[in-house]
Every structure is written in structure tokens, then in C-alpha cells.
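Trainee: The hints should help you fit chain B onto chain A, whose structure is shown.
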Amino acid sequence: MAARVLACAPCHGAEGEGTSDVYFPRLAGKPAGYLYNQLIAFRDGRRKYPPMNYLLEFQTDDYLKKIAEYFASLRPAFPPPVPPVDSKEILARGEAIVKNGDPQHGIPPCSACHGPALGGMEPGIPGLLGLRAAYISGQLGGWRYGTRTALAPDCMQVVAGLLTEDDVKAVAAYLSSRPAPADPSFAPRGSLPMPLECGSEPH
Amino acid sequence: MSRISTGLLVGLMLAFAPVAARAQQKAADPAVIAKGEYLARAGDCIACHTAREGKTFAGGLPMKTPFGTLYTSNITPDPQTGIGTWTSDQFYRMMHNGRFPDGGLVYPAMPFASYTQVTREDSDAIYAYLRTVSPVRQLNKPHELTFPFNNRSLILGWRTLFFREGEFKPDPGKSAEWNRGAYLVEGLGHCGMCHTPINALGGSSQSQAFEGGLIPMQNWYAPSLTSNKETGLGDWTIEEIVDYLRKGVSAKGAVYGPMAEVVYNSLQYLNDDDVRAMAVYLKGLAQRGSPEKPSTPLPSAESSLLLSFGKPIYDRECASCHGATGQGMPPDYPPLAGNQSIQMVSAVNPIRMVLNGGYPPGTSGNPMPHGMPPFAQKLSDDEVAAVVTYIRTAWGNRGEPVSARQANELRAATLN
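From first to last, the protein sequence lines stand for chains A and B.
The opening position of the first sequence corresponds to residue 0 in numbering that gives the first Met the number 0, with each subsequent residue numbered one higher.
The opening position of the second sequence corresponds to residue 0 in numbering that gives the first Met the number 0, with each subsequent residue numbered one higher.
Honestly, the hints are just simulated from the structure, not real lab data.
Hints should not be assumed to be uniformly reliable.
[What the hints assert, rightly or not] Quick list of in silico lysine-lysine cross-link-like pairs, DSBU-like style, CA-CA up to 35 Å:
(1) A:K64 - B:K54
(2) A:K65 - B:K377
(3) A:K98 - A:K168
(4) B:K54 - A:K47
(5) A:K47 - A:K168
(6) A:K64 - A:K168
Here chain A stands alone, though its shape is the one from the complex (with noise of 0.2 Å):
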């Protein structure tokens, strides 16, 4: 499989542990629906990325869910956390956000799909951890913009769509400056209390 996906490489690293671009992500055992779920996504034009959309265009289901299942497989070690250059109201807000939400204006806080430890659940909810302050938000943004969607429901845009761009800003700013776990543990399937409907996850 690694010759097949040497394509991947250029951008997210040799054994998919990501590279120096900030905004390209590790894919490295990160859950394998999930990893599928975005190739899908990619393929489809659900969600436009075109370099990736252009790459996988001409390509199956079965094949799709191999290279999802080989980087879902791997486990290269984690870059050091990047020290926050943020204030630590903003990453104090931010973890107010990842751990409780924001009641007010209905927000739920990420825990309650990706785990008490952020480390996802299977088959297709991805950790949060590990993963750079650029890329959080550029993702974030993405779906308030409509570049990347999921299937319907799409809970993700729903809640990216509450946030204000000073959330944003925190998740992204607390998410990258914890520590990522050396075995990503993904919380087992139908495990979390899951507060919204979401078709990339059905119940």
C-alpha cells in the first residue's frame, strides 16, 4: 500500500504523519470511517479540496476504503504540541467550549461527540488532537462556508454555524496546544451521548 499512496505523501507525510503546511492534516490513525468518509466526500465533491478532488476522482468504493483502512493503521509518532501564542482567556474560552459548550447559544461542547479524551469514536467521528490551531479553524470555516459538507444531517455545519469567529479562534487555539495521546483510543461505536443527528454517524 505505501507505493500505491506515495501520491499522499508530498503533503501529508511518508507514513501519513503530516508534513510542515499547517494546513494539510496527519492522517495517521485517525478512525478508518472517517478517513473513508472524507475520501468519499473528496471524490464526490462533497466535500472541494480540488487537488484532492482531481486525485481521487476516478476511483472505487473498494479501493477508497483500503487506503482509508492502510493510514487508519498507522501510528507514527506525534510532533510536539506547538507552545500557545494565544492569551489564556482565549484558551480558557476555548476550553470552556470543548468541554461544556456554550448553553446559551446552544453550542454542545465537542466532548460529547469526539470523546471525554477528544480521541473520537468509531466508526466515523475523528479525534481532536493533534492537529494544528490553522487547519481546526480552516475546517471550521470550511463548513460555515460550505466547502466541506457531510452527509445529511450535517451536525458539523450546524454547530460550526453557532460558533463566532473568536470561538473558532479559541477550539482551535486550545485543541492544538493539548498534547495528543501516543495511541489514538477511539471511544467504542454508539459509546457517547451524541446530542445531534448526524449522517456521517447514524445511530
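Mentor: Below, chain B without anything else, positioned relative to chain A:
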């Protein structure tokens, strides 16, 4: 009842049956429907008449042209929004003559200039098949064409210049295989739509049939399919052409760009005999003129600088797969030495492959293709120009150098 008298009876019934009833009678025959499905694959109807994540054959795919955006039509048997009320006569008239049932003119993005060669029997089979697909109620989107191209009567002028109505006439001097290949390539395959140069009026130039051309809007160059040794299929064996068309990879090169779509949706489904016939026909196409020569080669000082700058980049970024001397490791890593696609007069394809990378299509013959990484984010315009100049001129390749400006312009090419 004997077979002869059954045939007579059916014949008599047919003679008195109205046209629509005759079409229904044929639609009931599973063998005809299966043949129609196969031929619809050969014609690649699905590629244009299905939008991304859309319902099969319900249309709605935007097709960008130099004259504006066309939206493909719903060809499911829905009576209100599809072609459910069409008779087989009306369907044949569309395929053969590019006219709607009301006589209206069809935009030539629908390849009726090629489909006109399809026989009535094959048209009827495709019609029978399309009547069996799930009807989808979805209104056609209006086209968004700029003035003056939004005036449909202009199509009359286009037709006068570029459209020659007529079914395929076999050449009795050639083999049955050659004739079958010619029928598929010229007719349903509509290969000429991309592989024949397209002029400013959006017409294919028949005097240069299959000599290759730039595909408008997509910025990929469809190479010559003639037997010319430098630019065409002259050095390809029949087996290599068959592999390329059906699997998407071969010992000579892999499918990329818009051709990946054709192999993915159409050619991989054709049987070995038909693909072989197409290969035999293509291999026999003669180049009429001498291949085009570049008009403004780079100054030699600049090109020798690019060449010396290009080798280290090649050795660092490309050689691990394509080999120190461009020999590749076919079929997964195509050879670059002697590869027509690299040396063509137009450098668009090699520049874009370096910028964008690419995967050959996933096919039943090659379900898990190897991919080429994109280098747009890694190499500067100068580096792209240098490495493309190197691969176009090293190891006996006879391409011309390319400039950083050409590389820069193609960074903006539409990807998808």
C-alpha cells in the same frame, strides 16, 4: 408452431403495429436491453448525463465551453422531465441528426456528429435500454450561454460547416475487425471530439482527424492517435493499446487527465474483441501531414540552463519511481524515455502531471492504481520548467524546452 411460421406471424404483427408499439415490443427483449446497456457504455452516455452525486442519467452536469455553460439533459424515461414520451424514431433522429422531437436543434456538445454513424439497430437497442432505467423527475436546467451563442439558430451555421449526417459505411477492403473498430472509434466512442483539433468555432477539423488537439477549458492536450512514430501510436503494440484502453495502464504509459474518465466510465466495460478492434483501427490511422513544429523555441542559453538545473531535481524527486534513465517500472511507474506524451509539441500534459500529479482510473484490470504526487506546492515555476525541460530532452527524447511562464500559466488550470 414452427420457427418459420412464428417469424411470419411476428412479422405480420409488426407490419401492422404502430411505431410506439413496435418500440415496446423490442424493449421487452432482454437481449436487446443488455446490448443497449453495453452500447450505452461504449457511448459513455453516463459521463455527461449524470451529475456528481446525481441520479443516474438524470442530467444536470454543468459543461463549461468557451461559449458558456451547458447543462446536460435528463435521459431517464420520466414522461414529464425525461425522454419517456419519445419514440424510437425520435431517439434515432436525435442520435443521427441532432434534432429534438419538435425539430429543435441540439447543441453539438452532444456528440451527434459522431453518433450519426451509429446504426438504427444499435440506436434502437440503446433506446430500449434507456426505457428500463429508473425514471427520475428532474427538470433540465436552462443553459447559460453568452450572447450571441444563446441563439440556437447559430447551430445551423455550425452544422453546415462541421456536420455530415450518415451511418457508418464499412470499408469492404478492410477486415471485419478493422471495420468494427472504426465503427466504435468514429461513432459511439466519439474519440474525435477531443483527439481532433478543435477550431475557434468549436468544430472539429476533419482534415486533421485524430491528429490531436488541446481540449478547450480543461487545458489538457488530447494526443494524436495516428500511427505517426513521434507523436502517435506508431510504436505501440496492439496489446499495449488494449491494456491502456481497458486497464488504464500499459507498458508504454498510463491513462491520466480527461481520458481517465473515459476508461473509468466506458472503455473498461467493453469486451476484449471490441477493444482489440478499436486498437487495430487506431493503429492503422495514418498521419496526413507532418507533425506540427514549435514556432518559438526558447533561446538556447536559457534551455541549456534549464537542462542543467533540471537533472538534479529529476534525480531527487522523480528517479526513485521513473528510473535514473527514465525507463520507469511499467505498468505502475510509466517510462518517460520515448514516451510520446512527454515529447509532444504541446507541453501542457507533462507540465500538468508535474504540477497536479494524478491517478490512473481504478478499473477491474487495475483496481488499486499507483498514483503520482502533485508537485505544485513543492516546486517553483523555474523548477517545474527545468524538470519538464529535462524529461522532454534527456535519454533521446526529442521534445522542446518549456519556460517558467508556461508552468506558471498552468497553475491556474481547472482541476476538477
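Trainee: Are the hints correct? Go through all of them and say.
Mentor: For each hint, the structure was consulted:
Annotation: proposed proximity of K64 of chain A to K54 of chain B holds, straight-line Cα distance about 23 Å (limit 35 Å). For a cut-off of 35 Å, the pair hint linking K65 of chain A to K377 of chain B stands: about 27 Å separates their Cα positions. For the suggested pair K98 of chain A and K168 of chain A, the alpha carbons sit about 16 Å apart, so the restraint of at most 35 Å is met. Taken as a hint, the K54 of chain B and K47 of chain A pair is honoured in the structure, with Cα atoms around 20 Å apart against an allowance of 35 Å.
A hinted pair counts as satisfied when its Cα atoms are at most 35 Å apart, and K47 of chain A with K168 of chain A qualifies at roughly 22 Å. Simply put, K64 of chain A and K168 of chain A have alpha-carbon atoms about 33 Å apart, close enough for the 35 Å limit, and the pair holds.
In summary, this structure violates none of the numbered hints.
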